[in-house]
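K.L.:
Sequence:
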Amino acid sequence: MANGMKIGPKLRRLRKLRGLTIEELADKADLTKGFISQLERDKTVPSVVTLKQVLDVLGVDLATFFSDLEERERNIYTKKDRIVEREGKGFVIQNLIPKLKYLEMEPQCIILQPEAQFVQSYEEDEGFGFILKGRIELRVGPEKRIVNRGDCFYIFFDHKLEIRNLTKKQAEVLLVNY
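The opening residue of the sequence shown carries number 33 in my numbering; numbering runs sequentially from there.
Honestly, I wouldn't trust all of these hints.
To be verified - Okay, the calculated beta carbon distance ranges per label pair:
no., residue 1, residue 2, range
1, P146, E56, 46 to 56 Å
2, T64, P174, 19 to 29 Å
3, G51, S153, 40 to 50 Å
4, I108, L164, 11 to 21 Å
5, I115, D93, 19 to 29 Å
Hints in this document: simulated from the structure, not taken from any laboratory. Virtual Cβ for every residue (Gly too), placed ideally from N, Cα, C.
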């Protein structure tokens, strides 16, 4: 775009997140495949009306699209940017970065007090975890494992996730859901 803002890659990500092909998006937005292809590669600049047609199909309004786009240019987040998503008896879940519609991964820090337990079902398909502090018991469905500081795990969320702190000190788990 004129000010150097790249909208193409974000449109491509949104299209793929919605499970649409270029042809399907073009048909639904009443545009050509070639135009959508050029748009996703930032080879053309759409009018506001045309961009709105595309975003309507993708289920995103103009304001959200551009506010998220500005946020996307930011790639460093500090502790003060963290948002507590959920607190329970003996645990806190912090979102490490703001939840933005175009992001596919959701990084979180799960902080467990001594001997506390965390149980959650996830809508995402899979997740990666890294033990930052402590020693935990990890249970997904019938499978149960002991995981130590510095260890990691990769899981599929076809069952609820259970994490229990096995120590008398605080444990921290980095969990990235996808």
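K.L.:
All the hints need checking, so say for each whether the structure fits it.
P.N.:
Structure-based check of all given hints:
1. Our hint of 46 to 56 Å for P146 and E56 holds, since their Cβ atoms are close to 52 Å apart.
2. Remark: the range hint 19 to 29 Å for T64 to P174 is contradicted by a beta-carbon distance near 52 Å.
3. For the pair G51 and S153, the supplied restraint of 40 to 50 Å is violated, since their beta-carbon distance comes to about 23 Å.
4. Look at I108 against L164: about 19 Å separates their beta carbons, and that is inside 11 to 21 Å.
5. Taken as a hint, the range 19 to 29 Å holds for the pair I115 and D93, whose Cβ atoms sit roughly 22 Å apart.
Violated hints, listed in ascending order, are 2, 3; each of the other numbered hints is respected by the structure.
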